[in-house]
Amino acid sequence: MSFIDFAICFSLVVISVSLLLLFVRFIAGPTLEDRIIAIDLLAVVGVAFIAVYSMLSGVTVFLDVAIILGLLSFLGTVAFAFYLERRNKR
Amino acid sequence: MIVSVILKTATRYLIPLMLVFSFFLLLRGHNEPGGGFVGGLVAASAYALFAIANGVKPTQQMLRVKPLSLIVSGLLIAVLSGFAGIVYYGVFMKAFWFETKFPVIGKIGTPLIFDMGVYLLVLGISLKIIFSLFEEDEQ
Numbered sequence: 000m001s002f003i004d005f006a007i008c009f010s011l012v013v014i015s016v017s018l019l020l021l022f023v024r025f026i027a028g029p030t031l032e033d034r035i036i037a038i039d040l041l042a043v044v045g046v047a048f049i050a051v052y053s054m055l056s057g058v059t060v061f062l063d064v065a066i067i068l069g070l071l072s073f074l075g076t077v078a079f080a081f082y083l084e085r086r087n088k089r
Numbered sequence: 000m001i002v003s004v005i006l007k008t009a010t011r012y013l014i015p016l017m018l019v020f021s022f023f024l025l026l027r028g029h030n031e032p033g034g035g036f037v038g039g040l041v042a043a044s045a046y047a048l049f050a051i052a053n054g055v056k057p058t059q060q061m062l063r064v065k066p067l068s069l070i071v072s073g074l075l076i077a078v079l080s081g082f083a084g085i086v087y088y089g090v091f092m093k094a095f096w097f098e099t100k101f102p103v104i105g106k107i108g109t110p111l112i113f114d115m116g117v118y119l120l121v122l123g124i125s126l127k128i129i130f131s132l133f134e135e136d137e138q
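Note that the protein sequences, when read in sequence, are chains D and R. Heads up, the first sequence is in numbering that gives the first Met the number 0, so the first residue is 0 and it goes up one at a time. Heads up, the second sequence is in numbering that gives the first Met the number 0, so the first residue is 0 and it goes up one at a time.
So here's chain R without its partners, still in its complex pose (with noise of 0.2 Å):
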């Protein structure tokens, strides 16, 4: 594995940035382009920069989660917030909204939820390939 410093101090800023800019795309997905996929993609390219620069055993070592685990909690997630609009409506997925205002976010309901069980699951998919390529490599 060669390391390089330029590399590295960039990628130090660069992480920090892209994982902020994830959420936001998550945050504000339900009203305005972006969403809880595309937030999960960038937040996995964020973490692909980090193992190209410092390796893949470093990199699962700041992840501290299996990435398995993101994919089951993040299906878990997106079910459950199913189920609020058989509580309410009587009918799956419905979607639930709160009545107050979020200045940038706009209204808060299920489908945030929802797209928060989305961001999880291709985090932990595209994680999960991307450390089993670095593995393979590695051998």
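Chain D on its own, in the form it takes in the complex (with noise of 0.2 Å):
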């Protein structure tokens, strides 16, 4: 086992679980605001998970799909923010 190999292990199992915290933050969250934040922070676990995918597999595909999820995941947090600032408007 090359140290590549160990290293692709190793990050597998941080980003799951930080994967499942993040779901116990998104369930158990008691604000809106919480639950949004931790969306946007799924969306970059996301990144972080198909860049390692990737990697092991080495289909490099892959790594545009991160690229597209990175863009867009900007766009939908930014979307909720404007949801949250007309929703404390009314």
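Worth double-checking, as some hints may not be accurate.
Under the rule of at most 35 Å between Cα atoms (straight-line distance), these lysine-lysine pairs were calculated in the DSBU-like manner [to be verified]: (1) R/127 / D/88; (2) D/88 / R/7; (3) R/65 / R/127; (4) R/106 / R/127; (5) R/65 / R/106; (6) R/93 / R/56; (7) R/93 / R/127; (8) R/106 / R/93; (9) R/65 / R/7; (10) R/7 / R/56; (11) D/88 / R/56; (12) D/88 / R/65.
Computed footprint of chain D on chain R; a stretch qualifies when at least three of its residues, placed anywhere within it, have a C-beta under 8 Å from a C-beta of chain D [what the hints assert, rightly or not]: (13) 16-23; (14) 28-40.
Because the hints were derived from the structure by calculation, they are not lab data. Quick caveat: nothing in here was measured; it's all calculated off a predicted structure. Ideal Cβ placement from N, Cα and C applies to all residues, glycine included.
Assembly of the complex is requested from the two constituent chains, each provided in isolation within its own frame, with the hints serving as guidance.
In structure tokens, the structure reads:
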């Protein structure tokens, strides 16, 4: 087992644990803002998972998916913030 | 409309990136994952980001053409690309490929032109939906 294999396995474990913690925050989060931040972080962790999986499988096309997810998750967070701002104004 | 400086600065760097990536997805869509539909959606989300940051009126001024004319021209391009098959093979929508290969996008043929039509169509429809929602919001 080379060092890069060990690094990939270790980062997969860490990413999975952080996904579980994110879901705990997503379910338990007291306010809507906590859940929105959990969704935003979910996209970032998803990008990390896709990058690691692309190294594991050797398919470079997955990296494009990671780029699109990174670009669009920002739009999602901004749209949620827009909605929150309007909701608080009423 | 609340204007945030952080959001405006971020969108100034993000929108060109998203538009370039959508065009990249369109160009290599005929032999690798991607294509006109996904490219159009990514381009429409770039314009949605601009609309959130700056409002609907500046977005419509930046776009210059109406979304409806984008829809019509996209449909026209997609249908016209099908007639190349009739001219060369006698079958509607049969693909016609040029032999020369280009570095990134590979061979060029009528499927690329069809994809461009789909790109314009999806961009136009998404922008029409986004603009109508925002205009309804502002009233």
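Exercise. Take the C-alpha atoms of residue 65 of chain R and residue 7 of chain R, compute the straight-line distance between them, and say whether it is at most 35 Å.
Key: holds, 24 Å
Quiz item: Keeping to a limit of 35 Å between CA atoms, is the pair of residue 65 of chain R and residue 127 of chain R held or broken?
Solution: The hint holds at about 9 Å.
Exercise. Verify the proposed pairing of residue 88 of chain D with residue 65 of chain R, using a straight-line Cα cut of 35 Å.
Key: Measuring from Cα to Cα gives roughly 32 Å; hence the hint holds.
Self-check item: residue 93 of chain R paired with residue 56 of chain R [C-alpha distance capped at 35 Å]
Solution: Distance of about 42 Å is beyond 35 Å: violated.
Practice problem: Given the hint that residue 106 of chain R pairs with residue 127 of chain R, test it: the Cα-Cα distance must not exceed 35 Å. | Solution: Roughly 33 Å between the alpha carbons, so the hint for residue 106 of chain R and residue 127 of chain R holds.
Quiz item: Is the Cα-Cα distance between residue 7 of chain R and residue 56 of chain R 35 Å or less?
Solution: holds, 15 Å
Practice problem: Below or equal to 35 Å on CA atoms is what counts here, so check residue 127 of chain R against residue 88 of chain D. | Solution: holds, 27 Å
Quiz item: Can the restraint linking residue 93 of chain R and residue 127 of chain R be considered satisfied, given a maximum Cα separation of 35 Å?
Solution: Measuring from Cα to Cα gives roughly 31 Å; hence the hint holds.
Practice problem: Please work out if residue 106 of chain R and residue 93 of chain R have their alpha carbons no farther apart than 35 Å. | Solution: Since the Cα atoms of residue 106 of chain R and residue 93 of chain R sit roughly 15 Å apart, the hinted pair holds (cutoff 35 Å).
Practice problem: Take the C-alpha atoms of residue 65 of chain R and residue 106 of chain R, compute the straight-line distance between them, and say whether it is at most 35 Å. | Solution: With a Cα-Cα distance of about 32 Å, the restraint between residue 65 of chain R and residue 106 of chain R holds, given a limit of 35 Å.
Exercise. Quickly compare the C-alpha distance for residue 88 of chain D and residue 7 of chain R to 35 Å and report which way the hint goes.
Key: holds, 21 Å
Quiz item: How does the coverage statement for the region 16-23 of chain R fare against chain D, requiring three or more residues with Cβ below 8 Å from a Cβ of that chain?
Solution: That given contact holds, which follows from 3 residues of the region 16-23 of chain R lying within Cβ reach (below 8 Å) of chain D.
Checked against the numbered hints above, the structure violates only hint 6.
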